[in-house]
Amino acid sequence: MNNMEENRTLNYTPKDFKSDQEVRWCPGCGDHAVLSAVQKALSELGIPKEKFAFISGIGCSSRFPYYMDTYGFHSIHGRAAAIASGVKTANPELSVWNITGDGDALAIGGNHFIHAVRRNIDIKIILFNNEIYGLTKGQYSPTSEKGLVTKTSPFGTVEEPFSVGEMVIGAKGKFFARTYDSNVALSTQIFSEAAKHKGTSVVEVLQNCVIFNDGIHDVVTGREVRDDRTIVLKDGQPMLFGKNNDKGLVLEGLKLKVVRLGENGVTEKDILVHDSHEPNPGIQYMLANMRYPDYPVALGIIRSVEGHTYEADVEEQIEKIQKKAKIRCMDDLLKSGSTWKVE
Amino acid sequence: MNNMEENRTLNYTPKDFKSDQEVRWCPGCGDHAVLSAVQKALSELGIPKEKFAFISGIGCSSRFPYYMDTYGFHSIHGRAAAIASGVKTANPELSVWNITGDGDALAIGGNHFIHAVRRNIDIKIILFNNEIYGLTKGQYSPTSEKGLVTKTSPFGTVEEPFSVGEMVIGAKGKFFARTYDSNVALSTQIFSEAAKHKGTSVVEVLQNCVIFNDGIHDVVTGREVRDDRTIVLKDGQPMLFGKNNDKGLVLEGLKLKVVRLGENGVTEKDILVHDSHEPNPGIQYMLANMRYPDYPVALGIIRSVEGHTYEADVEEQIEKIQKKAKIRCMDDLLKSGSTWKVE
Amino acid sequence: MAKNSKVIKREEVVIRFSGDSGDGMQLTGTLFSDTAALFGNDLSTFPDYPAEIRAPQGTVGGVSGFQIHLGHSEINTPGDYADVLVAMNPAAIKANAIWVKPGGTIIFDKDNFTEKNIERAGYISDPIAEEKLENYNIIPAPISSMVREALKDFGLDPKSVLRTKNMFALGMVYWLFDRKLKYTEQYFDKKFANKPEIAEANKVALRKGYYYAETIEALNPVIIIEPAQIDPGIYRNICGNTATAWGFLAAAEKAGLKTFIGSYPITPATGILEEMALRKDLGVKSFQAEDEIAGICTALGASFAGYLAVTSTSGPGLALKSEAIGLAVMAELPVVIVDVQRGGPSTGLPTKTEQADLLQALYGRNGESPVVVIAASTPSNCFHYAFTAAKIAIEHMTPVILLTDGYLANGTEPWKIPEMKDLPEIKPPYAEKNDIPFLPYKRDCERLVRAWAVPGTPGLEHRIGGLEKTMKGTVSYIPENHEQMVRIRADKVARIADEIPDLAVWGESSGDLLLTGWGGSQGYLMTAANELREEGYKVSLVCFNFINPLPKNVREVFSKFTKIAVAELNLGQFADYLRIKYPEFDYHKINKVQGMPFTIKEIKENCIKILEDE
Amino acid sequence: MAKNSKVIKREEVVIRFSGDSGDGMQLTGTLFSDTAALFGNDLSTFPDYPAEIRAPQGTVGGVSGFQIHLGHSEINTPGDYADVLVAMNPAAIKANAIWVKPGGTIIFDKDNFTEKNIERAGYISDPIAEEKLENYNIIPAPISSMVREALKDFGLDPKSVLRTKNMFALGMVYWLFDRKLKYTEQYFDKKFANKPEIAEANKVALRKGYYYAETIEALNPVIIIEPAQIDPGIYRNICGNTATAWGFLAAAEKAGLKTFIGSYPITPATGILEEMALRKDLGVKSFQAEDEIAGICTALGASFAGYLAVTSTSGPGLALKSEAIGLAVMAELPVVIVDVQRGGPSTGLPTKTEQADLLQALYGRNGESPVVVIAASTPSNCFHYAFTAAKIAIEHMTPVILLTDGYLANGTEPWKIPEMKDLPEIKPPYAEKNDIPFLPYKRDCERLVRAWAVPGTPGLEHRIGGLEKTMKGTVSYIPENHEQMVRIRADKVARIADEIPDLAVWGESSGDLLLTGWGGSQGYLMTAANELREEGYKVSLVCFNFINPLPKNVREVFSKFTKIAVAELNLGQFADYLRIKYPEFDYHKINKVQGMPFTIKEIKENCIKILEDE
Ligand SMILES: Cc1ncc(C[n+]2csc(CCOP(=O)(O)OP(=O)(O)O)c2C)c(N)n1
Ligand SMILES: Cc1ncc(C[n+]2csc(CCOP(=O)(O)OP(=O)(O)O)c2C)c(N)n1
Ligand code: SF4
Ligand code: SF4
Ligand SMILES: [Mg+2]
Ligand SMILES: [Mg+2]
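For the record, the sequence lines run as chains L, B, R and D. All letters in the first sequence, in the order written, are residues 740 to 1082 by this note's numbering. All letters in the second sequence, in the order written, are residues 740 to 1082 by this note's numbering. All letters in the third sequence, in the order written, are residues 149 to 762 by this note's numbering. All letters in the fourth sequence, in the order written, are residues 149 to 762 by this note's numbering.
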């Protein structure tokens, strides 16, 4: 941020991040709420608007950048993580967001996704997981539940889905969070934390596609059931959940177990306390992997560990080398090494 | 296997699997020993030679199929897992092997690798991990240690490497084993188990590239140190290692810890017992991830869990549908649905 | 037919149903065309979907259309301009006004012309006036209120009631064209067997529309289109994507092979994968791959394992498959790559049609990398060209690129169902069991085809791959071997010309102008050429389906005409290709790159200009 | 110089050092050529590596060679046939026998001609006899035993001793060409400053070889090649890959930009990435991507962020980048894609050279997807064309494909170092700060270039992407807008012709034959054309560096010649392209697809045949 900018007051409202384009998602699509949450989070970050770059691939969700009044690049299917990596490496001062879907990030874009995560390049990956290809009108995706009947699996899929969090941790990921579309408050908070985290932040948004996979997350996030079937993790807090906040998670051997406060003498002290900053991903891995009906689905920031970021290390290496470098401009380089003079 | 073949006696020796091509790897390259181990394992499997298909990408290691007197396909860089998936899906009767390198499988081929693993398609992936691009003469790979100086990282890499086992488990992998090139006996045994496992089997071979990354694994597998710096896991056996078999692994909280028998009252009973068949990957994940100097590096079969395989489920679905299908040939299909007659 | 109505006969008519995405226009159009087909008309239809995501209700971006061209004589296109437009809302007027014939009939749901909808469509007050359509035959029908009234005792929720609006409109159109309601009624009985009240509601709406039209007398005269002169046989409607899928299945059955498709979804090609996925009854293995590269690579694996292997995609996907197609060229394995072309470059206009991937198909690979390129040219002949592509791939052990396009993929037309026994045989060039040691790149002298030794066959173990090889399969850096192999691969593809049919000339075999085209423009070119001939111009037409290699008689055909014009939906790719292959001729280019087919008018005007120049 | 030796002067000479991969031939060749360059000869060199993996010792597959062509007059190629072959083992004879000029000199290490090595090379007993080389000037030198003897008191292990064999051989060659040892001695002093005994050992071996040659008198006469007439200036040796990398760096400095390279290693392009990775001193950000697609995509990202962005690859990698190049066309962002061509198709002959990616570069994308295509034609002018490619990309906001090849990439030649101040300016078309609201696809009228608004600039926020757009950047499915944009993108590239230099004719501006070529064949074509002219043929030459768009004076140049021949290392791709662009001319094709450059002889024979036909 240069001086002129620092003098600007940045009293943004979410509206400042709305572009002039009409939002074209289906009425009722979960994407609308995510857009609001992002606009809200951004308005509160205190980062000048021109420092944001939103990079997306192809998919319903990937139309996102058009609706943001920031720098934006709606690219090609699956490649946004690579493009975003280039943007961030080139200009580490930008706040770079990669908007993507379950197909875009994990089918065609799987490789760029895991490599961005491994490099821990400081981009924010918001993965809209509707467990379906929305834009192409309803084929199964790598996160579709086994057995799902779709246009390309008329008799049910025979493939086990990826779990986003597991994949992220398997790829050396240092930040993973989960939210769902209609919880704008939680989403806003998570996006804000993701933005502040230095390194690749992956946020999985459980998103509803009203047209091709309607209600797929309702069993977990439905208004009636969500308190009992999700757990919002908070650092330093015991892992309690349930309508009456009376259920909790404990460790039994190497596995997590759901217990009820008061039953079998369980008290709050027995309940695991969340620590997203623990580098050993052991428990976080299990938390990310919890599935209904055995467990509540974990929401919030599951893992958030500091580490070197790619772009900062690159800058540092350049700086170090330039300090002692003999070659400082092209004329130096051209004349370096063995040369001879013809007169 | 049809009847005629069953009547054949399959008294193979490793030589039966040697092709007439001169082996072209550098003298001293670890690949030679892996080739021997595979040929040995195959000769003992009791599978007719014509049922083997070796599919590879591009890399030094990927020249492997030329040296095998089996069906072979030396394809393009990174794509062998996809090609092998096609071969196996088409003909589940074949024993399909995907030979690959750390670059081939995890750089350009990363996406096909994780998707093959996720689908649990019954192919055998042998990943030669020399932590370098050998064929292109020495650039760093996604498994190169951070800081490694190579032709494309003259000042040291700034990227954290993938850990193969972690990636496999993160991608829902059900079989992961590790060996090193010069231990032909262990390799042979692992290849044989990998072949018998139904599902994607990933075997990481710590392999030495004498030319571009010589001795990179020596700190762990060097003759002098290997007993103390590796542990060969065996199902049902306590996790003991060391020259005198007096060191072992225990669980402390959620982390593994190295202890010494006899010290602080530790006895063999305290030592963890290996169970590669446990579906919850918790401990296996940690075992796969152990790194020198904190831990011994785990060798042997780390994870081996039964599960549905893609190609079998496909066959089953087809069978089920065909049983009740009204359309049994093209003429049926052509005349199905609404048609009308013009006279 | 209603009694007190005038009746006129017409040779052909174009009808367009148009409304919001949720208005059920695709079903309406399909039911009408089925009815027309059963009646014996020739016809051609084209759905015009909105862009991928639903745009907000009532906006022009959200308009979904379905056009039907039916006639007493041969119908080759879905028609340029509509005689009748059904518009369910103001946006449908906005989107289609310029596509209605001057003086045509416009039926619209006047209940839906609310202030809000008018504004959403981008009008200020009266769409009809603003479009200057007052002199057209304007039929404002109170469709919404009529169905509400008609169904008030059905106990349906308001949404379900309004969902029958399309049937009311359809009923009106049936009356106008004197069609029977029976087929449509049967459709609902079957479709909603478990919800008889819904079936009944739709049937009531249909009949109410029919009677309303009869009553208002504004839809006069009733138009009769007699059945067409059609070859006897059993017919069905088929769209290009289904025809493509079925062509492969037929080829597999003829060749005694099983079918594998490895694809990644992409508009407008997804329908092929979807149809194949349905065909588990025929044993098809459909593999939804993680990306296009895995799509072709799994297919190549299946081909190596002895399957008829196919991968289907559209332009951006073809780009991604480039490297692997090169491998198929080297491995000499049979595989068919379908490219359902759409508007480019890059993501371009994904739901629109174009013919701009031709040069990519021919040249989009590193090195000298010859492949066979074939183009289908009508929705139904996708079957034939898919079959032929598979036959060539298998019999010549080569990748074949089959080009179709968005227009062919989604367009439908009646198709005379073939009998499997009448289709040509397909003989895979299997290696002989005693061909030991098996030399993978040994060829038959005549066609230069290598033998197919399928894994699992004892004794034929061998290795293939992407590095240059000798006949034996050994990697070779010998300069002369490389040159020889490069030339053999080119020659192998070139020799396929021996097996493809001669180019057929429609019209006289000589004249002033030879109109030339390829692939999906065929129907438009035929109609234009026919009309030009009828107007006295000496114009003939050739339409190419075989692009590499080209038919053997091209030079002979071309040399009989004073001028040659090449019409295509790109900036002149096929014309450029012809320049390479037959530089002795001069080619006049007729191009359009608008994401949609030519109109007959455009082609004719261009031809006349070319004829009159100089 | 030794006293009692005859001396002759020669205009030029070709020397080839050849031995096992471990024999240090690349260093030997490099040291010789440095010495020759310092002396003032013009020269051209080419290393001939074995295939990627080390083949077993002593086999033909493991032979590594380095050829040097030096002269008193201008040298354009590394030469076809060698005057002197240094062969460290029998396999080196096997690999090179046919490349030695009849009667040429062959120096070999007779100690290494053991039975085992002879057999490994594929001979039965005497390689010289079996190759019928008896009448050549055969110098069997006991190199191994001589160095063993010379260094016996050095206390080195036997392996290190034998590693100096190459210096013994080099010493002999220095004697033969009357060269000074000084530069080479300095090299060792510097290189082994910390291991003086190794430096000394090499220097001793070098001197012993020199004296041995003097002693045996078989290497008579001593050959003198006088310094060439060379432009005054400071010179260095440079290979194509380094020159390419430096060209980009120079362009970035001139444009006031930072440089980003996103690449995935691939032979023979890796050297560009490797050189860039070294240039952290100049602030280069080199990103070793996970694959070629990420290579170009990270580059596009960096370009979006305001960098000079480059991605380098070879043919199979270019295939993989196809889709993303299409995106660059749509996004209208500057990016240079370097394709260092190698033998194809597919993996092909990865270490060999070819020119067969031309049509891929021009047409290998979906849709109408025009890019600028430029080809470098000598190792050192890779600098100029990389600079120019970057300049065009930046100033015209367009992807540019720069074609080089394996021969240019690895070949070296002396290069007169330019001064940065003499290079042309580069002006990025930045958006104005007050250009609000910023319309991303608004263009300047003359060149049709859109403005570059770099993220971080307040007020210029905007969105770009791969879907068709209006000037404002709004996604648009409007047919006319699409056609207009397609034509504008084509036109934008076409107008770059205004800024590229006219095609230069070498030789008379009219005549019987215009020999035509492009890219890396230039040196061979020049030599051939010169020789033909000297022999009295009316042959001139044009060599293309700008391929799309073509220079504006092509038609004018071509029209002055009776015949036109197009020579290229493929089956005729550029000739086909010329047919598209200038159909009025007839093109005779001269082709070779052997993974290696033309020989002068081949070109001349073909030209004479074309001249004599009819
Ligand atoms: C190269 C390429 N392949 C395929 C497509 C077609 N395509 C576009 S989006 C998409 C999947 C979208 O799914 P997801 O990423 O989950 O996004 P959603 O629409 O569900 O938000 C596909 C297959 C394409 N545009 N480009
Ligand atoms: C599309 C493509 N990109 C790049 C290459 C160049 N290439 C060949 S092998 C290889 C990496 C090899 O590394 P690895 O897989 O680890 O195998 P190794 O040689 O170490 O056994 C690369 C980059 C290629 N052949 N094709
Ligand atoms: S199709 Fe699904 S994901 Fe796409 S905009 Fe509509 S509701 Fe949202
Ligand atoms: S370069 Fe390395 S990996 Fe390749 S063959 Fe040689 S030693 Fe083995
Ligand atoms: Mg999705
Ligand atoms: Mg490797």
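Everything labelled a hint here was simulated from the structure, so no lab data went into it. Owing to the predicted nature of the structure, the values given are computational and were not obtained by experimental measurement. Take these hints with a grain of salt, some might be off.
What the hints assert, rightly or not - Here are some chain L residues pointing at chain D (derived, C-beta under 7 Å):
no. : residue
1   : G767
2   : H771
3   : A772
4   : S775
5   : A792
6   : D808
7   : R818
8   : P831
9   : S834
10  : V959
11  : N983
12  : N984
13  : V1012
14  : M1029
15  : A1064
Said to hold, decoys possible - Quick list of in silico lysine to aspartate or glutamate cross-link-like pairs, EDC-like style, CA-CA up to 20 Å:
no. : chain 1 : residue 1 : chain 2 : residue 2
16  : D       : K406      : L       : E1054
17  : L       : K885      : B       : E991
18  : R       : K406      : B       : E991
19  : B       : K994      : L       : E1017
Stated by the list, open to error - Here chain D is said to cover these stretches of chain R; the calculated rule only asks that three of the stretch's residues, wherever they fall, bring their Cβ under 8 Å from a Cβ of chain D:
no. : region
20  : 452-459
21  : 734-748
Where a beta carbon is used, it is the ideal one built from N, C-alpha and C, also for glycine.
To see whether the hints hold, each was checked on the structure:
1. Against a cut-off of 7 Å between C-beta atoms, the interface hint on G767 (chain L) is violated, since the closest Cβ of chain D lies about 22 Å away.
2. The beta carbon of H771 (chain L) comes no nearer than 18 Å to any beta carbon in chain D, farther than 7 Å, and the hint placing it at the interface is violated.
3. A distance limit of 7 Å between C-beta atoms decides the matter here; for A772 (chain L) the minimum to chain D is near 21 Å, and the interface restraint is violated.
4. With a cut of 7 Å, the hint placing S775 (chain L) at the interface with chain D is violated, because the nearest CB-to-CB distance is about 19 Å.
5. With a least beta-carbon distance of about 5 Å to chain D, the hint placing A792 (chain L) at the interface is held under the 7 Å criterion.
6. A least Cβ separation of about 6 Å between D808 (chain L) and chain D falls short of the 7 Å threshold, and the interface hint therefore holds.
7. Checking R818 (chain L) against chain D by beta carbon gives a least distance of about 5 Å; that is within 7 Å, so the hint holds.
8. Because the closest C-beta pair between P831 (chain L) and chain D is about 10 Å apart, greater than 7 Å, the hint is violated.
9. Here the hint on S834 (chain L) is broken, as its CB sits about 10 Å from the closest CB of chain D, past 7 Å.
10. About 33 Å separates the beta-carbon of V959 (chain L) from the nearest beta-carbon of chain D, more than 7 Å, and the hint is not met.
11. Because the closest C-beta pair between N983 (chain L) and chain D is about 47 Å apart, greater than 7 Å, the hint is violated.
12. Restraint check, N984 (chain L) versus chain D: the minimum CB separation of about 43 Å is more than 7 Å; hint violated.
13. Residue-level restraint check for V1012 (chain L) is violated (minimum Cβ-Cβ distance to chain D is 37 Å; threshold 7 Å).
14. Here the hint on M1029 (chain L) is broken, as its CB sits about 30 Å from the closest CB of chain D, past 7 Å.
15. Below 7 Å, beta-carbon pairs count as interface contacts, and A1064 (chain L) has one with chain D at about 4 Å; its hint therefore holds.
16. Of the supplied pair hints, the one linking K406 (chain D) and E1054 (chain L) holds, its CA atoms being roughly 13 Å apart against a limit of 20 Å.
17. Using a Cα cut-off of 20 Å, the hinted pair K885 (chain L) and E991 (chain B) is violated, with the two alpha carbons roughly 36 Å apart.
18. The suggested pairing of K406 (chain R) with E991 (chain B) is violated, with an alpha-carbon distance near 55 Å, which exceeds 20 Å.
19. Taken as a hint, the K994 (chain B) and E1017 (chain L) pair is honoured in the structure, with Cα atoms around 12 Å apart against an allowance of 20 Å.
20. As drawn, the region 452-459 of chain R meets chain D at 0 residues by the rule of a beta-carbon pair under 8 Å; below three, the given contact is violated.
21. For a cut-off of 8 Å, the count of residues in the region 734-748 of chain R with a CB near a CB of chain D stands at 6, and the three-residue condition holds.
When held up to the earlier numbered hints, the structure conflicts with 1, 2, 3, 4, 8, 9, 10, 11, 12, 13, 14, 17, 18 and 20 and fits the remainder.
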